Amino acid sequence: MSQAQSTLDELISKDYEHGFETLLDMDVIPPGLSEDVVRVISAKKNEPEWLLEWRLAAYRHWLTMTPPEWASVHYPPINYADIIYYAAPKSQKDGPKSLDEVDPELLKTYDKLGIPLHERAILAGIAVDAVFDSVSVATTFKDKLAEVGIIFCSFSEAVHEHPDLVRQYLGSVVPVSDNYFTALNSAVFSDGSFCYIPPGVRCPMELSTYFRINAKNTGQFERTLIVADAGAQVSYLEGCTAPMRDENQLHAAVVELVAMEKATIKYSTVQNWYPGDKEGKGGIYNFVTKRGECRGDHAKISWTQVETGSAITWKYPSVVLKGDHSIGEFYSVALTNHRQQADTGTKMIHIGRHTRSTIVSKGISAGRGQQAYRGLVRVAKSAVGARNYTQCDSLLLGDQCQAHTFPYIEVKQPQATVEHEASTSRISEDQLFFCRSRGLSPEDAVSMIVNGFCKEVFKELPMEFAVEAQKLLGVSLEGSVG
Amino acid sequence: MLEIRNLTAEVDGKAILKGIDLTVQAGEVHAIMGPNGSGKSTLSSILAGRDGYTITGGTVTYQGQDLLALPAEERARSGVFLAFQYPVEIPGVSNIYLLKAAVNARRRHIGLPELDAMDFLSLVREKVKFMEMDESMLYRAVNEGFSGGEKKRNEILQMIMLEPSLALLDETDSGLDIDALKVVSKGVNSLRSPDRAMILVTHYQRLLDYITPDQVHVLSAGRIVKSGGPELAHELERQGYAWLGDGAPARGTAPGAAR
Ligand SMILES: Nc1ncnc2c1ncn2[C@@H]1O[C@H](COP(=O)(O)OP(=O)(O)OP(=O)(O)O)[C@@H](O)[C@H]1O
Ligand SMILES: [Mg+2]
Chain D
0 MSQAQSTLDE
10 LISKDYEHGF
20 ETLLDMDVIP
30 PGLSEDVVRV
40 ISAKKNEPEW
50 LLEWRLAAYR
60 HWLTMTPPEW
70 ASVHYPPINY
80 ADIIYYAAPK
90 SQKDGPKSLD
100 EVDPELLKTY
110 DKLGIPLHER
120 AILAGIAVDA
130 VFDSVSVATT
140 FKDKLAEVGI
150 IFCSFSEAVH
160 EHPDLVRQYL
170 GSVVPVSDNY
180 FTALNSAVFS
190 DGSFCYIPPG
200 VRCPMELSTY
210 FRINAKNTGQ
220 FERTLIVADA
230 GAQVSYLEGC
240 TAPMRDENQL
250 HAAVVELVAM
260 EKATIKYSTV
270 QNWYPGDKEG
280 KGGIYNFVTK
290 RGECRGDHAK
300 ISWTQVETGS
310 AITWKYPSVV
320 LKGDHSIGEF
330 YSVALTNHRQ
340 QADTGTKMIH
350 IGRHTRSTIV
360 SKGISAGRGQ
370 QAYRGLVRVA
380 KSAVGARNYT
390 QCDSLLLGDQ
400 CQAHTFPYIE
410 VKQPQATVEH
420 EASTSRISED
430 QLFFCRSRGL
440 SPEDAVSMIV
450 NGFCKEVFKE
460 LPMEFAVEAQ
470 KLLGVSLEGS
480 VG
Chain V
0 MLEIRNLTAE
10 VDGKAILKGI
20 DLTVQAGEVH
30 AIMGPNGSGK
40 STLSSILAGR
50 DGYTITGGTV
60 TYQGQDLLAL
70 PAEERARSGV
80 FLAFQYPVEI
90 PGVSNIYLLK
100 AAVNARRRHI
110 GLPELDAMDF
120 LSLVREKVKF
130 MEMDESMLYR
140 AVNEGFSGGE
150 KKRNEILQMI
160 MLEPSLALLD
170 ETDSGLDIDA
180 LKVVSKGVNS
190 LRSPDRAMIL
200 VTHYQRLLDY
210 ITPDQVHVLS
220 AGRIVKSGGP
230 ELAHELERQG
240 YAWLGDGAPA
250 RGTAPGAAR
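Taken in sequence, the protein lines are chains D and V. For the first sequence, numbering that gives the first Met the number 0 assigns the number 0 to the initial residue and increments by one for each residue that follows. For the second sequence, numbering that gives the first Met the number 0 assigns the number 0 to the initial residue and increments by one for each residue that follows.
By construction, these hints were calculated from the structure, which means they are not laboratory data.
Derived DEER-like restraints, expressed as beta-carbon distance ranges:
#: 1; chain 1: D; residue 1: Q401; chain 2: V; residue 2: D11; range: 23 to 29 Å
#: 2; chain 1: D; residue 1: R425; chain 2: V; residue 2: W242; range: 43 to 49 Å
#: 3; chain 1: V; residue 1: L111; chain 2: D; residue 2: V466; range: 20 to 26 Å
#: 4; chain 1: D; residue 1: Q401; chain 2: V; residue 2: E230; range: 56 to 62 Å
#: 5; chain 1: D; residue 1: P203; chain 2: V; residue 2: G51; range: 52 to 58 Å
#: 6; chain 1: D; residue 1: S153; chain 2: V; residue 2: M117; range: 40 to 46 Å
#: 7; chain 1: D; residue 1: Q401; chain 2: V; residue 2: R107; range: 36 to 42 Å
#: 8; chain 1: D; residue 1: G397; chain 2: V; residue 2: T53; range: 21 to 27 Å
#: 9; chain 1: V; residue 1: G12; chain 2: D; residue 2: P76; range: 49 to 55 Å
#: 10; chain 1: D; residue 1: V466; chain 2: V; residue 2: G110; range: 25 to 31 Å
#: 11; chain 1: D; residue 1: E455; chain 2: V; residue 2: D213; range: 46 to 52 Å
Under 7 Å between C-beta atoms, here's a sample of chain D residues computed to sit facing chain V:
#: 12; residue: D429
#: 13; residue: Q430
#: 14; residue: F432
#: 15; residue: R437
#: 16; residue: G438
#: 17; residue: L439
#: 18; residue: G451
#: 19; residue: F452
#: 20; residue: K454
To list a few chain D residues with every Cβ distance to chain V over 10 Å, as calculated:
#: 21; residue: Y74
#: 22; residue: A145
#: 23; residue: G148
#: 24; residue: I150
#: 25; residue: R166
#: 26; residue: P174
#: 27; residue: S176
#: 28; residue: Y315
#: 29; residue: D323
#: 30; residue: H324
#: 31; residue: R367
#: 32; residue: V383
#: 33; residue: V410
#: 34; residue: E418
#: 35; residue: E477
Quick caveat, the model's predicted, so the values are computed rather than measured. Cβ coordinates follow ideal geometry from the N, Cα and C atoms, glycine included.
Extracted from the complex, chain D is given alone in its bound form (with noise of 0.2 Å):
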């Protein structure tokens, strides 16, 4: 720590009188960043050294880094020296005991999602073994993964498990100084899913109930790691639609996808943090960088994400079409109502020969929300025969909320086609008024009117997942009719 230091720095440090050793018999340690507490972090974790030394040269290159400041989002600084950055798991003793003690509230909308009854248990916090055995849901979906050579576990797992796995891809998509909060996040990462299907091998199941009910506790620095080896096929579902509460208000999760030859990778998230109340309090900020990388010929890559959460998201879940003939897809719904504000899109980076992108984006706003599309198309010269189609609607409710599409590309291939193609729209009165005609209240009107206007996304969706995310949409608008 004998580099040049900055005030945030000094600010930082002088919260650190405990020391190392003191601080690695905490369970929660104080506010604040400094090697110590990455050290700290990587010790509580048990790490080899290899990632300790990987985990500090991430911290000092963050410290040389400034928050970015282009995307339309806006919020106070964060001080990074009132953060928790670890936090022992939380023991489930003080948890509600059975779902009569949990919020009614947070149940009435587990109901209007339709969660199933034994996992609304467990998302409200409910001891899990009270419930059911979650450990041997867990073992069983293992035991069938590791049937035909498929490691799904933790980060941590992993990192203790199939160490060489680890250090071979950890940070070769998205590089630790990518960013100013992928350095943060490298630094300092909590848990998070690390996933590898071996060559040819069809992951035989969605990689998703039993991410649900771990999703608990992996912290505000997840980490995800997935690899799909040459040939092999594999569905992951991240998220929830039930609105998950947090103590945490800032979240920076890093998301890296390797699909190698004839690889596929499709990866779904239904985002559904706490978005704060209807002034934007207590909202959390969701600040996340999802990359993949196709590194073989005929690989493919597809994002589906629909973003209903957070106070701010900030994400472009990207793809890198390094291989030939590779596919990137990015499809997304991004609903904004009272103050919450989006600044999302995609990165489709054309390397290889005859790769082709889709980008579908839908953005909703209602309320006061703010909501930007932003994209980056870009054909290097290698890219003969690139093509990329983008279409980017955007549908206002009322006139107080505001979208905006920021485009970019840059070809310096001439045989590469590009097409975009963008709108914006209101629900119309007459739509409205046909639809109350028809005995829909006004609420259900707008909810199936939005969800007609995501159906091209909602269908890249697995079948349970789009279902529950057409209802979470309506729920997430309640308030913004009448």
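Dock chain V with the ligands against chain D, hints included.
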């Protein structure tokens, strides 16, 4: 069934309905004719509960209750149906989805269980066939890319699915070819029953060749200026509105009481 008393209404400060009186008994079919801009669609929209009109006076009683006090969706659920002069398109929402939502909203309201997917499907297939429509129309987005005639047929499909007590048809016959006119009329006639009433807004006698009304009214400049039996429509067809005197100010006729 429906009793309108001295109804006056305006839009943006402009008086459009200037005192409508109309009584429709259960089992009756009334036709409303009248020049463009006379207020026919305005009347239908107000009855169906569209926002944006200021009711400045009068009352509307439907099945004993104050119709104007109900929001549009509750009127629909209690059996009021409007077939639109210009049906709107709803991209991405399939016809069958809308129909199911509408039918079940009405069923819930009258205390019937919602139809499950299978029962609904067999019902809607039967009605689609009756309307001589292609089943594929069910899976297309509501009215999107439908031809003018197809949209009108689709309105009647919705009507026969919902089995309203009071149907308001705003120029459903406009833009229909002869065959479509017959099919639409068949749909309307299939619903005629002693416990239903219908109001047909039309410009043409030919619809009334297929659906014989009990009464015909002429609406002009926001008032009903003449009422009569089916023969009134024939008279209008021959002579136009000018012979009525009042109510066709655009044609420059002198004002005068026709009632
Ligand atoms: N929202 C509005 N703003 C201003 N004027 C309106 C509005 N709605 C209706 N009007 C006016 O009210 C009058 C009656 O219109 P309405 O649509 O009821 O006529 P109509 O009898 O149905 O005519 P048509 O035979 O052409 O369908 C017209 O002069 C019309 O321009
Ligand atoms: Mg009209």
